[in-house]
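Number of protein chains: 2
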Amino acid sequence: MVLKSFVEVHPDSHFPIQNLPYGVFKAEPGSEPRPGVAIGDYVLDLAVVASAGLFDGPNLKNSDCFNQPNLNKFLGLGRPAWKEARSTLQKLLSADEPILRDNSSLRQRALLPMGKVQMLLPIAIGDYTDFFASKHHAKNCGLIFRGPENPINPNWFHIPIAYHGRASSIVISGTDIIRPRGQGHPTGNALPYFGPSRKLDFELEMAAVVGPGNELGKPVDVNEAADHIFGLVLMNDWSARDIQAWEYVPLGPFLGKSFGTTISPWIVTLDALEPFASDAPEQNPPPLPYLAEKESKNYDISLQVSIVPAGQKDACIISRSNFTHLYWTITQQLAHHTINGCNLRPGDLLGTGTISGPEPDSYGCLLELTWNGQKPLSLGGTTRTFLEDGDEVFFTGCCKGDGYNVGFGRCSGKILPSPP
Amino acid sequence: MVLKSFVEVHPDSHFPIQNLPYGVFKAEPGSEPRPGVAIGDYVLDLAVVASAGLFDGPNLKNSDCFNQPNLNKFLGLGRPAWKEARSTLQKLLSADEPILRDNSSLRQRALLPMGKVQMLLPIAIGDYTDFFASKHHAKNCGLIFRGPENPINPNWFHIPIAYHGRASSIVISGTDIIRPRGQGHPTGNALPYFGPSRKLDFELEMAAVVGPGNELGKPVDVNEAADHIFGLVLMNDWSARDIQAWEYVPLGPFLGKSFGTTISPWIVTLDALEPFASDAPEQNPPPLPYLAEKESKNYDISLQVSIVPAGQKDACIISRSNFTHLYWTITQQLAHHTINGCNLRPGDLLGTGTISGPEPDSYGCLLELTWNGQKPLSLGGTTRTFLEDGDEVFFTGCCKGDGYNVGFGRCSGKILPSPP
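If you read the sequences in order, they're chains L and G. If you count the first sequence from 1, position 228 lands on 228 in full-length UniProt numbering, and the numbers rise without skipping. If you count the second sequence from 1, position 184 lands on 184 in full-length UniProt numbering, and the numbers rise without skipping.
Each hint should be verified, as a subset may be incorrect.
Any copy, or any two copies together, can satisfy a pair, since identical chains are not distinguished.
List of simulated lysine-lysine pairs, DSSO-like, C-alpha gap at most 30 angstroms [stated by the list, open to error]: (1) LYS26 - LYS218; (2) LYS4 - LYS375; (3) LYS83 - LYS4; (4) LYS61 - LYS294; (5) LYS218 - LYS414.
These aren't lab readings, by the way, just hints derived from the structure by calculation.
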């Protein structure tokens, strides 16, 4: 029988008792940020649950990890504490558990309508890294920029390629994105131009949120890497393709990416995703021993991108992809990141890179969907090559269980014009 | 007449009353980190000065910025507070000011022998960015990796090229550096190898420490950029050239850099460096308007690299360079960084990139000094192409004034072997 909560949860909801993703919210504009868990259309206030003494397991009984403005302390406690919190909360919220269900005063303080709270960044992000782990995306970028001979650089098949991203400009879903200004370069020997980006794009990504870190100089074994990952969020790595194309040789993307990166507010735990695990694709050539996993997992997370074009009301779906399209797993990404001794810290973010599938309607960015602007997309009676001011982009992600979903909610942002 | 402090300062010292650089120290292993200023062979404890009520100017009188474990809060206050602190401290330490000089109990609490304290990272670094601002370095790298036709990529003359670096692995001078392991690639179609880096290098750099930041979406004008820079430190951006060469296409340096970056403990303020300002080199082609400065400054800072080879005692000087060899100024770097709306925060670090001069003995890394290992360096009766385990690398930087120095002390690190 499917586990049920006493809080009524619509069958289409992303947040049944099987999910219980973690976020940080403000109950009112002036109040302190605090951690919460999503259940149906409500947020369960974990500070209230903690002060009522309901976290009574050995890891959490005496911890102040839920009296914090972010989840970093809880993340640093590791999987035993996460499992304890999950089982405590599943019990507390279950239909046949009276403690919270029958205590109307506690219930009123602990369960807040989701529509009335403000969601904030759930973590203080020390470092943000972005990988390049979808083969379809790597291939399409190569075809567009370098042509059909060797579209994928040889190192890609041996290394989960990545770059360091900008942590300061990561924002929570719903934050407007200001079109960046910068240099672009038309072609040949022409001089560069300066102005608002002419090729503003989204990138459909997910990101792993790091739990316990590692000491500088002490790599994480690939078979233990999952214990360092708390969960996943949706991520939009907004990209200015003209700025990126002109600046990226030889040191990689910089201002073409650092003007804004949006994440969804709810971190879905690996424990909640476990029922949706699937085998990762076979890797050929086989990875070097430090990247060879005993068990190599992806998760069956359906991803969808829609746009509400400027001045319109309705969203048009423009891409459907899936997390299973990743070639390099998130555990390989994490192990590779630390193999040189680099230290990770709780709350660090590891983006997957754009998750494109094999079919044109599963590509994860406009660069691919419109083939660098050559094939405009039709949507809502208009067309797009790249994003226009006023366009709003929505990502959703969801795992379909038997009678329930484990979903990520959404990750959205609207483009505002450049400053004059 | 030259300003003098009542604390005796040797004429060769880097830290006379004209300098007063800021750092963070622990008086004893168990004590709390707190901010201090270097004066001769002493550290002036700013928490003691503050609690004695000696910061009596309008910006600092009621501030707790010196009762903090790092300088970030002080940095965020901006130039008026920095100028006030400098004039308060220059007065307090001057030979003819009795308040501290003649109060032996206060003096004993406030002035600690530098040799007895432990220096820590002076700032909590949110984001670290590394530029590529020396033309000689860019040219040499191009000649080594791409050959004599167009050694410098065309974008370099229009953009202060940079990449996002890893903040978590920045360490304080004196911290050992563990040789990273990773993938390298011999040549052609060979398979990559894995193991301890075979081409471990230093990079002679300096880094600007950001003061007040900017809001996301609000670029900093190049002519106001200096107000966002508190000061400079020495920086060694340790690099594994074999890892870097194999991984960096197309997303830039990643694990070849992120295993460790060392900074010197004392931040020398722009106010202390002002007497050593010089005109920056003429830029041709002229920069785009957003990078065109009314006044374009470098600083005459002599830089020196020496190595104590493994098993030896004496240091051999292997390079002499100067901060004036930068083509792109630190204010241009900062303005460029924000032109897309990217937000900076107090304590962010902007590295200059390797500072190489025009002559072979002024190159700032072994890649250039040994021309990628082709011309071994002789030192102390032995030779080096790249760094060996046990080698210790020292940077110093100093401005020569009339009868005094404004110096940076040193930035050092010793190579330890890879884990087995």
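Among the hints numbered above, which are violated by the structure, and what are their numbers in rising order?
-> 2, 4
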